[in-house]
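With the hints as your guide, set chain R onto chain F.
Here the protein sequences line up with chains F and R, keeping their order. Numbering of the first sequence is given in numbering that gives the first Met the number 0, commencing with residue 0 and proceeding in unit increments. Numbering of the second sequence is given in numbering that gives the first Met the number 0, commencing with residue 0 and proceeding in unit increments.
These aren't lab readings, by the way, just hints derived from the structure by calculation. Yeah, the Cβ is synthetic: ideal placement off N, Cα and C, and Gly gets one too. Hints are not guaranteed to be accurate.
[Stated by the list, open to error] Facing chain F, a subset of chain R residues (Cβ under 8 Å, in silico): (1) G38; (2) V67; (3) T79; (4) V81; (5) E84; (6) D87; (7) Y97; (8) R106.
[Stated by the list, open to error] Computed spacing ranges between beta-carbons, pair by pair: (9) P297/F x D87/R: 52 to 58 Å; (10) A38/F x S94/R: 29 to 35 Å; (11) A181/F x D88/R: 38 to 44 Å.
Take a look at the letters that make up each chain.
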Amino acid sequence: MTDPAITESPGSPAGQPGLRRTPLTGIHAGLGATLTDFAGWLMPLRYGSETAEHNAVRSAAGLFDLSHMGELAVTGPGAADALDYALTGNLGALAPGRARYTVICADDGGVLDDLVVYRLAAEEFLVVANAANAPAVFALLSDRAAKLDAVVSDRGDDYALIAIQGPRAAAILGPLTDADLAQVKYYASYPATVAGASVLLARTGYTGEDGFEIFAPPGDATAVWTALSAAGADHGLVPAGLAARDTLRLEAGMALYGNELGPDVTPYDAGLDRLVRLDKAGDFVGRAALAARAQAAPQRRLVGLIGESRRVPRHGYSVLWDGVPVGAVTSGAPSPTLGAPIAMAYISPAVADDAAEGGAGRLAVDIRGRAEPARLVPLPFYRRPA
Amino acid sequence: MSVSEVPEELHYTPEHEWVAISGSIASIGITDHAQQALGDVVFVSAPAPGAKVTAGEPCGEVESTKSVSDLYAPVDGEVTEVNPEIDDDPGLVNSDPYGAGWLFKVRLAEEGDEDELPPGLLSAAEYTALTADEEPGDK
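Looking at chain F on its own, in the form it has when it is part of the complex:
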């Protein structure tokens, strides 16, 4: 038996010098987590069974350490204008206290990162970037804000980020915070206290469940984590690692940078048309290319596939239509909730249309040399019960 985890990365990540640790790394190690190198950070991949962690988030709640994520502050009288120029979204229209999912594009419309932007005050924004992209996003924002009256600062070291996600998240967090969670809207953030710590409390996440993300001072991370763990024990809360996070977001049809998104992908390819606000005033980086792209016939479409055998379509595998390659899988995994392999893939729009109308026996994924049947389904694979 061979496995990339075994044969390609010998050596304990914990023993590799240079990996960054979060304020909670010691807690993860104490819980027996399998730690892995993720974008230069030593992060928990799983604590026990990643399937059990996934199911706990769907049925009760999971606790995640996301302190590797990058945080950038954009402040000043020109902060909103700077973000409106730098990003595709209409951030100037965002009310203080609200948050928005958006992307930062290159001149050619390619996606350089996907971001959540929190407007904390009229002249203060917090931009959350993927860990691997945070230095690049910092450089891009600094460059794009240079001619405007705004300051971009790297605040990554000022925050630990803890997420509690799942249908029991509000019940667990409620008694530990001064915030009235019933008043905390989806994609909103509030300054609050959690377990005595002064935090930014946001109702955001990447699992398809209700939940909260807590930006806490690093020195308070252990107190917040420990209090949530204790309060959640009776609710079925478990610590959950990056493996569960990946299958949760895939079921929820959420894009992952490096898989569904990248510099060769425009938001339109990824079905994220709504993130490109061509209607906003003023120029923004990528506008001309994106406006042209909005008018052009799409070259490919992001679709959902369910595998009809038990073999799992993985990143990079070819999608076949009548045996002919028509695209490639971007993410795939065995879905704990559906009990079948699921995948997202870019395929030709014509084939996507045909397959949506019934492609029984014609659509397949080339899984290591064998065509395994698949069917096309609308995204997301999973939507939480209302």
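Only chain R this time, still in chain F's reference frame:
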């Protein structure tokens, strides 16, 4: 991560499989180290009974949440049996890799002497030394 178990009485391959030889029959599975590194096993494709397998050649695959791995035949011979429980409950490979999680059995092509092992297999001590250099997780 807990320290992986390496039972003294079994034989091992560098591909993280174990072999238990009883007379002319070799029982085969993957090691505790391997199941820990893979995470939750969701599907195993083992060679069918009657199939001839050749030591060192791929003969099946193990799917886990994050990856898929080839199974290699650790010995030459003919497959006599496949664990009938694994298809319904692949998690047995995680929960009991050396027991209920066995994968398949092979009738050895050449019966060696009592003390003579098929070539290329490692002792528990040799396998432990191999994995000490590549422990998949933190402690």
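Any hints from earlier that this structure breaks? Give me their numbers in increasing order, please.
-> 3, 4, 5, 6, 7, 8 and 9
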